[in-house]
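Trainee: The chain contents come next:
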Amino acid sequence: MKTVIRTICACAAASALLLGASSDGFAEHEKKKKVRKVRTSSACSAGASSSLARYKIEKGEVLPASIPKALTKKPGNAERGLETAVNPGKGNCLACHHIAKVLAKADKSDEKSLKLYGNHGEVGAPLNGVGARYSKAELRMIVVDPKKAFPDVTTVMPAYHARTASKDVKRACRGRVMLSAQSVEDIVSFLEELK
Amino acid sequence: MRRHLSGILLIATLWPVQAMAAGDGKTEAVKPASGNHPLKELWSGTHYSTPEVRKLQYSDSDNPAMKLFGKGEALWKKTEGKAKKSCSSCHGDAAKSMKGTATRFPAFFKLTSRPVNIETRINLCRTKFMQARPLSPESEPLLALSIYVKRQSKGMAMSVTGDGPLKSFLQKGKDYFTTRRGQLDMSCSGCHDKYAGHLYRAVKMSQGHANGFPAYSQSKKKTGSLLPQVNQCLVRVRATPLKAGSEKLTNLELYLAWRASGLEVETPAVRE
Chain A
1 MKTVIRTICA
11 CAAASALLLG
21 ASSDGFAEHE
31 KKKKVRKVRT
41 SSACSAGASS
51 SLARYKIEKG
61 EVLPASIPKA
71 LTKKPGNAER
81 GLETAVNPGK
91 GNCLACHHIA
101 KVLAKADKSD
111 EKSLKLYGNH
121 GEVGAPLNGV
131 GARYSKAELR
141 MIVVDPKKAF
151 PDVTTVMPAY
161 HARTASKDVK
171 RACRGRVMLS
181 AQSVEDIVSF
191 LEELK
Chain B
1001 MRRHLSGILL
1011 IATLWPVQAM
1021 AAGDGKTEAV
1031 KPASGNHPLK
1041 ELWSGTHYST
1051 PEVRKLQYSD
1061 SDNPAMKLFG
1071 KGEALWKKTE
1081 GKAKKSCSSC
1091 HGDAAKSMKG
1101 TATRFPAFFK
1111 LTSRPVNIET
1121 RINLCRTKFM
1131 QARPLSPESE
1141 PLLALSIYVK
1151 RQSKGMAMSV
1161 TGDGPLKSFL
1171 QKGKDYFTTR
1181 RGQLDMSCSG
1191 CHDKYAGHLY
1201 RAVKMSQGHA
1211 NGFPAYSQSK
1221 KKTGSLLPQV
1231 NQCLVRVRAT
1241 PLKAGSEKLT
1251 NLELYLAWRA
1261 SGLEVETPAV
1271 RE
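These protein sequences, in sequence, are chains A and B.
Here the first sequence stands for residues 1 to 195, where the numbers follow the numbering used here.
Here the second sequence stands for residues 1001 to 1272, where the numbers follow the numbering used here.
If you're looking for bench data, these hints aren't it; they were derived computationally from the structure.
Every residue, glycine too, gets a C-beta built ideally from N, C-alpha and C.
Accuracy of the hints is not assured; some may be wrong.
[Claimed, not checked] Here are the simulated distance ranges between beta carbons: (1) A:Arg-174 with B:Phe-1129: 39 to 49 angstroms; (2) B:Gly-1197 with A:Lys-112: 36 to 46 angstroms; (3) B:Gly-1155 with A:Ala-165: 54 to 64 angstroms.
[Claimed, not checked] SDA-like, lysine to any residue: derived pairs with alpha carbons at most 20 angstroms apart: (4) B:Lys-1084 with B:Thr-1050; (5) B:Lys-1222 with B:Gly-1070; (6) B:Lys-1194 with A:Lys-108; (7) A:Lys-90 with B:Arg-1236; (8) A:Lys-147 with A:Pro-126; (9) A:Lys-147 with B:Tyr-1195; (10) A:Lys-108 with B:Arg-1201; (11) A:Lys-115 with B:Glu-1140; (12) A:Lys-147 with B:Lys-1071; (13) B:Lys-1221 with B:Val-1053; (14) B:Lys-1172 with B:His-1198; (15) A:Lys-170 with B:His-1198; (16) A:Lys-105 with B:Arg-1201; (17) A:Lys-115 with B:His-1198; (18) B:Lys-1194 with B:Thr-1179; (19) B:Lys-1078 with B:Lys-1172; (20) A:Lys-170 with B:Val-1053; (21) A:Lys-101 with A:Leu-114; (22) A:Lys-115 with B:Thr-1050; (23) B:Lys-1204 with A:Val-156.
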């Protein structure tokens, strides 16, 4: 099964290369995002409101799109990024991805630790080595809005810092983004170190 | 319970394979009945369960939801309401009259001009013909009757074509299944058509069929209809939940029944 996923991802990367080679139609990616008021919180229950960060999308090296500039002035913190990524109410990246570095943190003698760090998914490719496969700007684009980052716009990976036109959003989550700009920067720093 | 179970496991492993098969829920793939089906082969949710959970489901004495079957049998014969009738006064022996019913549901109900699922149909019988109060969603008596009725079709293949008056409702159910929703912007098909067999945070994702519902959930320690299961998926993607008896749920259930046609009725299933 894992080989199948890898093959899909390899195809995605290959077509990304092809796409990247021609700069046709790329201008539309360049349009600036306006600042909009959106709130963010863990699983949308409570939490401080924040705004959708202003970001500029540019062409990536391997992927069709990237965000070269950080969303926040404060640099990302990789350690905090790991915790945000595993938290089921925040990134919940483990729902779909295997990350060896996280698995290594799972303490087999502690049920809570095993549950938090030991339960991984295989919907997306394992994230081991993503820091070497993609630039920081591309990793940022992937977390912010994967439908723009990947050549496959039908990807099931959720957008963590973008306004989506999704239907039936649970009331507490309406008008909110999944992760704050700072959390995105933290996760990007964490991904960057997965080499 | 555990020790008892491993005893059964031992016997079962020594038993010839054939003894397990008939009527015990297929764990082999079935070809979809219709050509324009999103899945190449159908696998019951039971296929993705652990062997322990599967054994529990197949054992009438150990399956926790089978207690409700017994209660349903008693309720079937119980006179209720102003018309002083029971289910059996109209339908007689359920083993005969309800055989195959679950394979055809949700079915079109002429009096309301729309499809209804088994639970709604039971309540329509109560209010219209027995002049009794409807049973509340997820209540023990409603689950018991639903399991009792559906169990009469155990091992029979689901067979919903969605033709005639059902056509437009089936389409609505399909639209619901394939439309992205919730803050995560994900659709039912995005998980269950595309990634069945893959782990989702260490849980094996099934094809999302409804042929085993109502089912017993070990983690919730509770038997539930399809509704709480679908709502759990909707919570996962941070979408608004569905309501019992609603048109949206019934249409979705109709599409799920069409999508599972060919698989055996396994009610009541056991899930982790």
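Trainee: State for each hint whether it applies.
Mentor: Hint check results:
1. A:Arg-174 with B:Phe-1129: 39 to 49 angstroms: holds, 43 angstroms
2. B:Gly-1197 with A:Lys-112: 36 to 46 angstroms: Given about 28 angstroms between the Cβ atoms, the range is violated.
3. B:Gly-1155 with A:Ala-165: 54 to 64 angstroms: Given range 54 to 64 angstroms: violated, Cβ gap about 44 angstroms.
4. B:Lys-1084 with B:Thr-1050: violated, 46 angstroms
5. B:Lys-1222 with B:Gly-1070: Given that 20 angstroms is the threshold and the Cα spacing comes to 16 angstroms, the pair holds.
6. B:Lys-1194 with A:Lys-108: Status violated; Cα separation ~32 angstroms.
7. A:Lys-90 with B:Arg-1236: Holds, at roughly 12 angstroms.
8. A:Lys-147 with A:Pro-126: holds, 19 angstroms
9. A:Lys-147 with B:Tyr-1195: holds, 18 angstroms
10. A:Lys-108 with B:Arg-1201: holds, 17 angstroms
11. A:Lys-115 with B:Glu-1140: violated, 32 angstroms
12. A:Lys-147 with B:Lys-1071: violated, 51 angstroms
13. B:Lys-1221 with B:Val-1053: holds, 13 angstroms
14. B:Lys-1172 with B:His-1198: Violated - the C-alpha atoms of His-1198 of chain B and Lys-1172 of chain B are around 28 angstroms apart, more than 20 angstroms.
15. A:Lys-170 with B:His-1198: Outside the cut-off at roughly 26 angstroms; violated.
16. A:Lys-105 with B:Arg-1201: holds, 16 angstroms
17. A:Lys-115 with B:His-1198: Roughly 18 angstroms between the alpha carbons, so the hint for Lys-115 of chain A and His-1198 of chain B holds.
18. B:Lys-1194 with B:Thr-1179: holds, 14 angstroms
19. B:Lys-1078 with B:Lys-1172: With Cα atoms ~37 angstroms apart, Lys-1078 of chain B and Lys-1172 of chain B exceed 20 angstroms; violated.
20. A:Lys-170 with B:Val-1053: Judged against 20 angstroms, a Cα distance of about 33 angstroms means the pair is violated.
21. A:Lys-101 with A:Leu-114: OK: Lys-101 of chain A and Leu-114 of chain A at ~14 angstroms, within 20 angstroms.
22. A:Lys-115 with B:Thr-1050: Measuring from Cα to Cα gives roughly 19 angstroms; hence the hint holds.
23. B:Lys-1204 with A:Val-156: holds, 17 angstroms
Of the numbered hints given earlier, the model fails hints 2, 3, 4, 6, 11, 12, 14, 15, 19 and 20; all others are met.
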